[in-house]
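*Asks:* Sequence:
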Amino acid sequence: MKIGIIGSGKIGGNLGKHWAQAGHNVLFSSRHPEELGSLVKEAGANAKALTVTETFEAKADVYVLAMPFKAIDEIAEHYAGEYANSIILDATNPYPSRDGDMAQNVRDANYNASEYTAMKFGTAKTAKAFNTIQADHLKSRAFRMQDKLSVPFAAQDESSKNVVKELIEDIGFDAVYVGNLSDSKIMDPDQEIYGMSVSKTELLDTIHSQKSF
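Residue numbering for the sequence shown follows this note's numbering, starting at 1 and increasing by one per position.
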C-alpha cells in the first residue's frame, strides 16, 4: 500500500518506519521535508519525504493523521480535492491545553473525536487507530512474535476496517476492533482504554466490561 504520513513526529515517524520495513510505500510529509532526511534513512528504501501538498497529490491509499488535532480543519479543507476515496486513519487526540477551544468543543460535544474527523474528511473513509498507544511502546514493541501488544481500532465501513486491521497486524501488533466510529469514544483521552498497553485478551476484557453497563 501507499501510505501518506501527515505529521512525522513520534507516532507518525515510528509508524512510517515500521510500515516501510513491512514493505509498504511510505510518504513522510512536512512543510520542510529536507529536515526528514534521518527519518527517511532509518526507514529505508521504501520511504521518502515530501511536502504535505506533494503527499496528498500522490494519491495514497491511506493517509495517517498524526499531527496536532487543531490542524484537522485546515488540512481537511485545503486538500479536499486530493483525498477523496482514500482511507483517513486518524491517530490524533483532542488536547485542549495544546489545541485550544476547538478541541474542548469536540470533547464537550455529543459526538466523539473520530466522528468529528469523519465529518471534516467527508469524501474519504475514516478509521481510528494508534491514538491510544504510548509512543515508546509503538517504537519498541513492534514485530513481536509473542507477548504482543494490542491496538484498538474503529472503522467507518468494511473496507476501511479490513485495511486498518491489516496495517496493525503487518507491524506485529494484535488488532482489536472496537466497532464503528460511534463506538470509538472509549479510545479518546481520559476514557477507558486510552493509554493501555496490554494483551488482546486484557483489552477485550476491558472493552466488554464497559459495554456491559
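Hint data in this document are derived by calculation from the structure and do not stem from the laboratory. Errors might be hidden in some of the hints.
[Stated by the list, open to error] Think about it this way: if two alpha-carbon atoms lie no more than 30 angstroms apart in a straight line, the pair counts; the simulated BS3-like pairs of lysine-lysine are: (1) 48 / 139; (2) 139 / 165; (3) 48 / 185; (4) 120 / 41.
*Asks:* Indicate, hint by hint, whether the structure satisfies it.
*Replies:* Against the structure, the hints come out as follows:
no., hint, in the structure
1, 48 / 139, "holds (19 angstroms)"
2, 139 / 165, "holds (18 angstroms)"
3, 48 / 185, "violated (34 angstroms)"
4, 120 / 41, "violated (33 angstroms)"
Of the numbered hints given earlier, the model fails hints 3 and 4; all others are met.
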